[in-house]
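Fit chain C to the known structure of chain H by using the hints.
Sequence lines, in order, name chains H and C. With numbering that gives the first Met the number 0 as the guide, the letters of the first sequence map in order to residues 0 to 265. With numbering that gives the first Met the number 0 as the guide, the letters of the second sequence map in order to residues 0 to 216.
What the hints contain is simulated information worked out from the structure, not anything from laboratory work. Small disclaimer: the values here were computed from a predicted structure and weren't measured. Glycine included, each C-beta is placed from N, C-alpha and C at the ideal position. Don't take every hint at face value.
Selected chain C positions facing chain H (Cβ under 10 Å, derived; list incomplete) [as the list claims (entries may be wrong)]:
no., residue
1, P63
2, L85
3, L179
Residue-level listing of the chains:
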Amino acid sequence: MDDRRAPFWRFLARDNEDPVKILGVAFLVALISAIVVSSAAILLEPRQTAHLEAERAARMAAMLDRLPGMADILAETGADSLRTYLVDLATGQIVPDLDPDDYDAAAAAADPATAVAIPADLDLAGLRQRAPYAPVHILERNGRVELVVLPVSGTGYASRIEALLALQSDLGTVAALTITSQGETAGLGARIENPEWQALWPGREIADDSGQIVIAVVRGQASSPYEVDGISGATRTGNGVTNMLRYWLGEHGFGPFLDRLREQGV
Amino acid sequence: MPKGLSRITAPLIGQNPITRQILGVCSALAVTTGLDTALMMSAALTSVLCLSSAIISLLRNHIPHVIRLIVQITIIASLVIVIDELMQAFAFELSRALSVFVGLIVTNCLVLGRAEAFAMRNPVGPSILDALGNGLGYSLILILVGSIRELLGQGSLLGVVVLVPVADGGWFEPLGLMQLAPAAFIIIGLLVWAIRSYWTDQAETTAQATPGEQVAR
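If we strip away everything but chain C, and leave its shape as in the complex, we get:
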């Protein structure tokens, strides 16, 4: 597989930021009550991640080591604010649905983690590919969890009724738990378990430090 392509495909499952590196879990819990918010959050995070990786990679030779984290966070925070403002101006309904969580992309360890672990040390091209891969890996989990929670919690997908709830004369009893944050923990936990059972090399043994390139949690 060409190296560029593997930078995109590796973070999808093998190095998935959420299930493997356990990064960015906070927002994954908060925005996955429905598929539409999960999709919008995925798009917002992926674009912030790509842009911040590109900018930080461009500047990497001139960012002094002692203040690198502050510089990275400043760049990421500015990008997030601009994206949030753009969404409020051009995608008002969706920005309403996401409320504060777009702003909270700043605190997502995934963005800073990729900047620090990859973009600071690699040229612009590979950095963007790495950011895109990680963004897509994050999106994959968000979309999965969002679909499961919306389907079981409300009986619908993207607002379209799939399982007719009892209240509307159907048979489906919506699981209220699915709309609360603990459900996202449970689903992500089950996903981690399933992935690590199938790809056994992902399982962490107690004696061995976790392999891979994770830096921040």
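In isolation and in its complexed conformation, chain H is listed as follows:
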């Protein structure tokens, strides 16, 4: 062995069965892989986040386009879009001193310092914790609420499902449901993203006469105004959507806000 060579070449020249070489190669491969993977993740993150945000905005816009009469209402009110408010979920009051654009609900839900734990018996959507505030998008005309768009999220079969639920002015009828993010089984659960399935939602009622939230994705064909046809082969994804809506429309979700909106308006 030539001792004048650099230590690295002497290391490479070691026998492949030598323990130093085995550990060394394992360490070097792991180190280089870790550097490559983490730099890719960090360098590309801004682009990926931009794509995700653009997608969310595009889906919101697409949902509004699909709503009947939406274009007329927007033209009439002169607003080009909905107004976004930040709502304190516990009280149902609008938070006046925070800009909704600056509030990152996902980060607030993940941060133990700000997150609100969801009691296990109320945690239908399997979220464990949520942010204290949530952004809601409201369209008003002459001081009357025409449309409310609520961001909702829950646990499906294989992934977190995120969606936007639009309610009509009575706050009890679905105007639209748009899935904004999901990672369910391709070809089965992932079909909740299909426009044909989402087109089943407008006109569904969220609560029965006693005020109980009963909206559900059922197996097979829907038989009442509170039901939406399930997707065959995706029962658990359907249950995930049901639980997501029941949690967010319920007492621990947007329930207090919707009650207050019904009584007092914005």
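What follows is chain C alone, placed relative to chain H:
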């Protein structure tokens, strides 16, 4: 035929990774509901296969035998993550359509199989050619199965309507089964049967161990 060329052409049918060596079938079932996802998956797998074969072949003299599988998997997994991140940054729509299956290239026996059977023992040039050939062989089957499933299941190819379905006033009744995983099993089974009936030397006899250079399944 020059040796380099035969490394690319042999895995197309004679040593096809899916129909002959029965490798990488899992992803072939999952991503072939449509032609577009099949094409994207083919491109992703072929590039991972070529890159991993090149890197592993470069390092082959310095990978200790006892930890070779761990080293190979680490390299393959890192490449797959980087490709997945790149797709999410630059081909967002397609990466959405493929969802988790790009990440699952790691578990594709084909990639590890070629690394272990070929790249560990051969110089960089032949290793890349072998990887390219196997990638193309895999792509060929994926594209075939993807076309058949999209055509019969949705009446379209690459999203363009070819057979007008009944729902839109046409005559074609889409076969729902084609969009489910069992259809891919059936089509791949029929393909294996057709290929082995035509090239009878591919058929396995019970007495004889399978020839060829397969290692991992």
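**L179/C as an interface hint toward chain H, with CB separation required under 10 Å** = holds (7 Å)
**Item:** Status of the hint placing P63/C at chain H (closest C-beta pair under 10 Å)
**Value:** holds (4 Å)
**Prompt:** Hint check: is the beta carbon of L85/C less than 10 Å from a beta carbon of chain H?
**Reply:** holds (7 Å)
Violated hints for the displayed structure: none, as all numbered hints are satisfied.
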